[in-house]
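S.K.: Given the coordinates of chain A, work out where chain B should sit on it, guided by the hints.
Each chain, written out:
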Amino acid sequence: MDNSYLLGIFAVMGIATFITRALPFVALAKLKNHSVLDQFGRLLPPMIMVVLVCFGLVSLEVESIDRGGLSALSFVVVILLHAYFRNPLLSILVGTGVYVIGIQGFGL
Amino acid sequence: MFGYIPLGMAFGVLFQSLGYHWLFAPLAGVVIYAGSAQFMAVGLLAAGVSYTEAFVATLVLNSRHIFYGLSVLSRYPKHGLSRWYLIFGLTDETYSLITAKPPESSGTGPYFVYLTGLNQSYWVLGCALGASLQSFFAFDSAGFEFALVALFLVLLIEQVRSMSEPWLLAVALCASGLAYVLVPNQFLLVAIGLCLVTLMVRVRGGGVHG
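Sequence order for the protein chains is A and B. Under numbering that gives the first Met the number 0, the first residue of the first sequence is numbered 0, with each subsequent residue one higher. Under numbering that gives the first Met the number 0, the first residue of the second sequence is numbered 0, with each subsequent residue one higher.
Extracted from the complex, chain A is given alone in its bound form (with noise of 0.2 Å):
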């Protein structure tokens, strides 16, 4: 286990974690009424948030169908379970452990 490389990636994703928090505030507080930015404020996020759930299931690196019907069945119970409770904690709980149970009680 190499150390300094861990802190190393730490301190650059702690830095580029904080420029994306810090930008706004240094950077674009003169445009903060510019309706173009308003509007990339409004459209953007839900966006870049479609892609990161696509992200997220790539990462997952489904290769057996059973696998892959497990995905669907815990990406549904996340779905339902937030339509209905909207409690985050809730649907993330019982999602990931519908998944987990899948793959390390029935093996999919």
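No lab work stands behind these hints: they were computed from the structure. Note that the Cβ used here is the ideal one computed from N, Cα and C, for glycine as well.
Rough simulated footprint, nothing fancy, chain B against chain A, three-plus residues with beta-carbon under 8 Å:
1) 11-18
2) 48-62
3) 74-80
Residues of chain B placed beyond 10 Å of chain A at every Cβ, according to the derived structure:
4) Pro109
5) Tyr110
6) Val182
Listed below are several chain A residues computed to face chain B (Cβ distance under 10 Å; list not exhaustive):
7) Asn2
8) Leu42
9) Leu43
10) Pro44
11) Pro87
12) Leu92
13) Gly94
14) Gly96
15) Val97
16) Tyr98
17) Gly101
18) Ile102
M.R.: The following block gives chain B in isolation, referenced to the frame of chain A:
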């Protein structure tokens, strides 16, 4: 905001699969402090990516935060250390807590610092708990990676509720499909790039005057 403890624990458990000392998990919560980026970090570390790759991937992943900052700009303190801590701690969760209330009733600087600090404490505690428990008991963490998908999905559902132009979500889906087929190694960068280009065309073509 108590959701940060179990989610942090999920990260801690996943992190332990890399084989580092468990104390590094809460350290990630202190220095990076971004749920999705930390989950991604586990994958990046496992793949042994370069610093540059990690930097770019994090910028792309967290680019949504740029737009969070814009909407809380006027509510945050103008100067001082608290301003910079608040900016550092502007996570998805903290953002939604702060913007959930109308501007006039959402409180002031000291309250925001309290809220942000509390959120980060829960998160760091969760990371430490998950990683230490996993290092002592070594239970099977297969499948925990779904927590990241579930997290993004929940955030997406929250944002879709206020989305005025749903066709753009289909565009984002197509962009993801295209990026996956054409350049799977640069998936995030290409997919979000395609979304940005489409949105630029839409905003300019919409007869909007700035």
